[in-house]
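Number of protein chains: 2
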Amino acid sequence: MIRFKNARIMTLAGDDPFKITEGEVWTDGDKIAFIGVPTKEQLESTKFEREICVMKNLLMPSFKNAHTHSAMTFLRSYADDLPLQKWLFEKVFPLEAKLTGEDVYYFTKVANLEYLTSGITASFDMYFELDDYVKACTEMGFRSVMCGSVSGEAGRIKEVEENFLKYNEVSPLIGYRLGFHAEYTCDEKLLEAMGRLAEKYKAPVYTHNSETESEVEGCINKYGKTPTALFDSLGIYNFGGGGFHCVHMTEEDLDIFKKRGAYIVTNPGSNSKLASGIADIRAMKDKGIGLAIGTDGPASNNALDMFREMYLMTVLGKLREKDAAACDAYDVLYAATVGSAKAMGLDDCDTLEVGKQADIIMIDLKQPNMQPMNNIPKNIVYSGSKSNVALTMCAGKVLYENGKFTDFDTDEIYKGAQERAVRIQNEVKN
Amino acid sequence: MIRFKNARIMTLAGDDPFKITEGEVWTDGDKIAFIGVPTKEQLESTKFEREICVMKNLLMPSFKNAHTHSAMTFLRSYADDLPLQKWLFEKVFPLEAKLTGEDVYYFTKVANLEYLTSGITASFDMYFELDDYVKACTEMGFRSVMCGSVSGEAGRIKEVEENFLKYNEVSPLIGYRLGFHAEYTCDEKLLEAMGRLAEKYKAPVYTHNSETESEVEGCINKYGKTPTALFDSLGIYNFGGGGFHCVHMTEEDLDIFKKRGAYIVTNPGSNSKLASGIADIRAMKDKGIGLAIGTDGPASNNALDMFREMYLMTVLGKLREKDAAACDAYDVLYAATVGSAKAMGLDDCDTLEVGKQADIIMIDLKQPNMQPMNNIPKNIVYSGSKSNVALTMCAGKVLYENGKFTDFDTDEIYKGAQERAVRIQNEVKN
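Protein sequences appear in the order of chains V and R. Throughout the first sequence, residue numbering follows this note's numbering, covering 3 to 432 in sequence. Throughout the second sequence, residue numbering follows this note's numbering, covering 3 to 432 in sequence.
One chain only, chain V, in its complex shape:
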């Protein structure tokens, strides 16, 4: 058992999710074993392998990154400030074509390190070379849900089904959800097959959805429907799931998400940097649609920092509505934790409650950006920073603490990633 004592605690559970109490949190293996103020008897009868004095700092559920392409760290700051098409077709795609499985292993590790510094303990990741990806995550003790990213022709649906059956069994830390890349990269038969696969497994399906104006226009031209309406007509959202980005949505699209219980995963950093637009978070919230937050990949963000995404989500919402009262910080904090966990199907990682997974962060309140403490949750969203993450625990293991990783050879990871990034760039040049 690990004992966190002398803590402020925000569980994000129940009817008053942002209420802050004082007490202790104990973890046993990968689970939360106790929350509250222990009796003398409880303390005397419990053996702790470690006691951590939280010094009245805050314990809260970790963040979950509900949309990303982690291994794209190799493209970070490689090709910024370019028009979108030039960036994608001249820079991203040619370099991605050179990736090996071992490259993905190294580049994923860089991303996972960065997640931990920002208090993120799980990612919903859409990429390839999945065996190497899984190896990187399980070695690090980092939780990941992979998302199917198939594109092309109908025959490729087999891959998704095989991966779904294989990767949901490999480790308690690893999951796999049905998914495909996007409407514009899949042919009609593949989309139909995806609807049938959802039906076969009664499973939710996830995809990039309505990220850009041109994507929506193209879909309407081809199918006479928006991407969301098309997916719904094929039964793809019949068991829920979600859309990544969802910047350009009609009211009918939002009604479909609500009806199907599908989540919208907003990606404000990426949507801003690629000039895709600002999602209508207020309308989504008003409809009662479940909201989650993702960083998207490091080629288009370029950081993997939930504090940045939270701030962007609220202030871009305010800018869009021309209303400083839009997109309340409480909703944003809820989306980054509970909403993202639920969107990914991590129903036992969403809140601090006994029996849930011990995915916990400690927020250092004794830094100037958290002072004075007029409102701690609002401080987290509006003035918080990854520098306030004093400790990150995933599945009961402390992986990051006081600015240091507890168990990783970062020099080796950085060196491996740097050499491989340079090699890939040289391969494309030659």
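Hints listed in this document are in silico derivations from the structure and should not be mistaken for laboratory results. The hints are all genuine.
Once the Cα atoms are required to be at most 30 Å apart in a straight line, the calculated DSS-like pairs of lysine-lysine come out as:
{"no.": "1", "chain 1": "V", "residue 1": "Lys-21", "chain 2": "R", "residue 2": "Lys-93"}
{"no.": "2", "chain 1": "V", "residue 1": "Lys-261", "chain 2": "V", "residue 2": "Lys-191"}
{"no.": "3", "chain 1": "R", "residue 1": "Lys-417", "chain 2": "V", "residue 2": "Lys-58"}
{"no.": "4", "chain 1": "R", "residue 1": "Lys-287", "chain 2": "V", "residue 2": "Lys-324"}
{"no.": "5", "chain 1": "R", "residue 1": "Lys-406", "chain 2": "V", "residue 2": "Lys-7"}
{"no.": "6", "chain 1": "R", "residue 1": "Lys-417", "chain 2": "V", "residue 2": "Lys-21"}
{"no.": "7", "chain 1": "V", "residue 1": "Lys-406", "chain 2": "R", "residue 2": "Lys-399"}
{"no.": "8", "chain 1": "R", "residue 1": "Lys-368", "chain 2": "R", "residue 2": "Lys-33"}
{"no.": "9", "chain 1": "R", "residue 1": "Lys-191", "chain 2": "R", "residue 2": "Lys-260"}
{"no.": "10", "chain 1": "R", "residue 1": "Lys-58", "chain 2": "V", "residue 2": "Lys-93"}
{"no.": "11", "chain 1": "V", "residue 1": "Lys-287", "chain 2": "V", "residue 2": "Lys-227"}
{"no.": "12", "chain 1": "R", "residue 1": "Lys-368", "chain 2": "V", "residue 2": "Lys-137"}
{"no.": "13", "chain 1": "V", "residue 1": "Lys-368", "chain 2": "R", "residue 2": "Lys-417"}
{"no.": "14", "chain 1": "V", "residue 1": "Lys-227", "chain 2": "V", "residue 2": "Lys-88"}
{"no.": "15", "chain 1": "R", "residue 1": "Lys-324", "chain 2": "V", "residue 2": "Lys-289"}
{"no.": "16", "chain 1": "V", "residue 1": "Lys-49", "chain 2": "V", "residue 2": "Lys-406"}
{"no.": "17", "chain 1": "V", "residue 1": "Lys-224", "chain 2": "V", "residue 2": "Lys-191"}
{"no.": "18", "chain 1": "R", "residue 1": "Lys-42", "chain 2": "R", "residue 2": "Lys-58"}
If you anchor each label on the Cβ, the simulated ranges turn out as follows:
{"no.": "19", "chain 1": "V", "residue 1": "Asp-411", "chain 2": "R", "residue 2": "Phe-91", "range": "55 to 65 Å"}
{"no.": "20", "chain 1": "R", "residue 1": "Glu-421", "chain 2": "V", "residue 2": "Val-430", "range": "55 to 65 Å"}
{"no.": "21", "chain 1": "R", "residue 1": "Asn-432", "chain 2": "V", "residue 2": "Glu-53", "range": "34 to 44 Å"}
{"no.": "22", "chain 1": "V", "residue 1": "Thr-140", "chain 2": "R", "residue 2": "Gly-405", "range": "27 to 37 Å"}
{"no.": "23", "chain 1": "V", "residue 1": "Lys-88", "chain 2": "R", "residue 2": "Glu-421", "range": "48 to 58 Å"}
{"no.": "24", "chain 1": "V", "residue 1": "Lys-88", "chain 2": "R", "residue 2": "Gln-87", "range": "40 to 50 Å"}
{"no.": "25", "chain 1": "R", "residue 1": "Lys-160", "chain 2": "V", "residue 2": "Glu-215", "range": "48 to 58 Å"}
{"no.": "26", "chain 1": "V", "residue 1": "Ala-327", "chain 2": "R", "residue 2": "Glu-164", "range": "38 to 48 Å"}
{"no.": "27", "chain 1": "V", "residue 1": "Glu-53", "chain 2": "R", "residue 2": "Glu-421", "range": "23 to 33 Å"}
{"no.": "28", "chain 1": "V", "residue 1": "Glu-414", "chain 2": "R", "residue 2": "Gly-405", "range": "17 to 27 Å"}
{"no.": "29", "chain 1": "R", "residue 1": "Glu-161", "chain 2": "V", "residue 2": "Ala-15", "range": "53 to 63 Å"}
{"no.": "30", "chain 1": "R", "residue 1": "Arg-425", "chain 2": "V", "residue 2": "Glu-403", "range": "32 to 42 Å"}
{"no.": "31", "chain 1": "R", "residue 1": "Asn-8", "chain 2": "V", "residue 2": "Asp-411", "range": "17 to 27 Å"}
Derived list of chain R stretches under chain V, where covered just means 3 residues or more per stretch with a C-beta under 8 Å from a C-beta of chain V:
{"no.": "32", "stretch": "82 to 90"}
{"no.": "33", "stretch": "110 to 123"}
{"no.": "34", "stretch": "277 to 283"}
{"no.": "35", "stretch": "321 to 335"}
{"no.": "36", "stretch": "367 to 376"}
In this text, all values refer to a predicted model and were calculated from it rather than measured experimentally. Note that the Cβ used here is the ideal one computed from N, Cα and C, for glycine as well.
Using the hints provided, position chain R relative to the given structure of chain V.
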């Protein structure tokens, strides 16, 4: 002398400001004494009081915060997510009316601590209780340029002149520039008097300018001119100066800024959170206007973090233009350092050059958000964070290093600020 050795160095000086070389930086008192690769003789003949191994991390000029109201830390997260008018008239103004000089002293110290964690060594500060403000800054060794913030009637111009004569003499760390609050808070006679004062001292003048649509509309209704055109007609910008915010500018306004050599200080965080709009940075850059960046005060941002402002400046510019190539990161990094220093009149604090002030930061490149190192300046803007600030030196003194302040009793500062924030809130309630 302090010796920084084994460093990457980005001076931001000369024709190739973002070029990164390897070598050493030496400081002597408050100035930079050497940059480059020393000879054996130079090393043998120099005595160092301290040697800091930079371990191939990056030395660069510190950031300068070109617009803020530091002491407003007491309002941080006190009243967010409210409509603008309710926030200002029901929350901000009543509490500000209760501030004492000693309150300003404490609240300023909290802000200055936060600046140092983000690599900011100087602020351009518009507030009141200036003796207490100056005491807070000089005690901490923090550089500040105060900006006149007069409002009301013409008679109050005397205060500005007195402050101008007094505060430019009190300390090498302290300056004072002519300024006034804004067009909409000053009567016409006061604005005319400001023009005459500029002429008397041949001095630049600074003010809030065109922050909101309603401000510009109100000015046009009253004077038949935009704020910028009005100020120019009164000679206010005859010796340069600047405008804070400048969100709603006409092309004629920009031409006036260019002609007068006045700076535009952009405040993207505050303009977003208050839903004021997005400044047309591309047009300003195309006109060749000097650009600087400010956080604005912590009541409206709420952080005092230059990394956040840099990221917002570039991505909001891209969103506004619907062009991922707009607002290049290099321009943003230049504005946050050289541009802001020049806007504030800190001509000896802008770059790393021998004889300039030793206002230097060390950026930790060995964190995952800086890996791989495809492009270090772009990493700083797009994936950098205050957590990468490994050391902050102001006027030759190390004030912040490895997450710790070198010389401040933070517990005492936080306690004083918290008690005073609560007292003020209670005074307003009672």
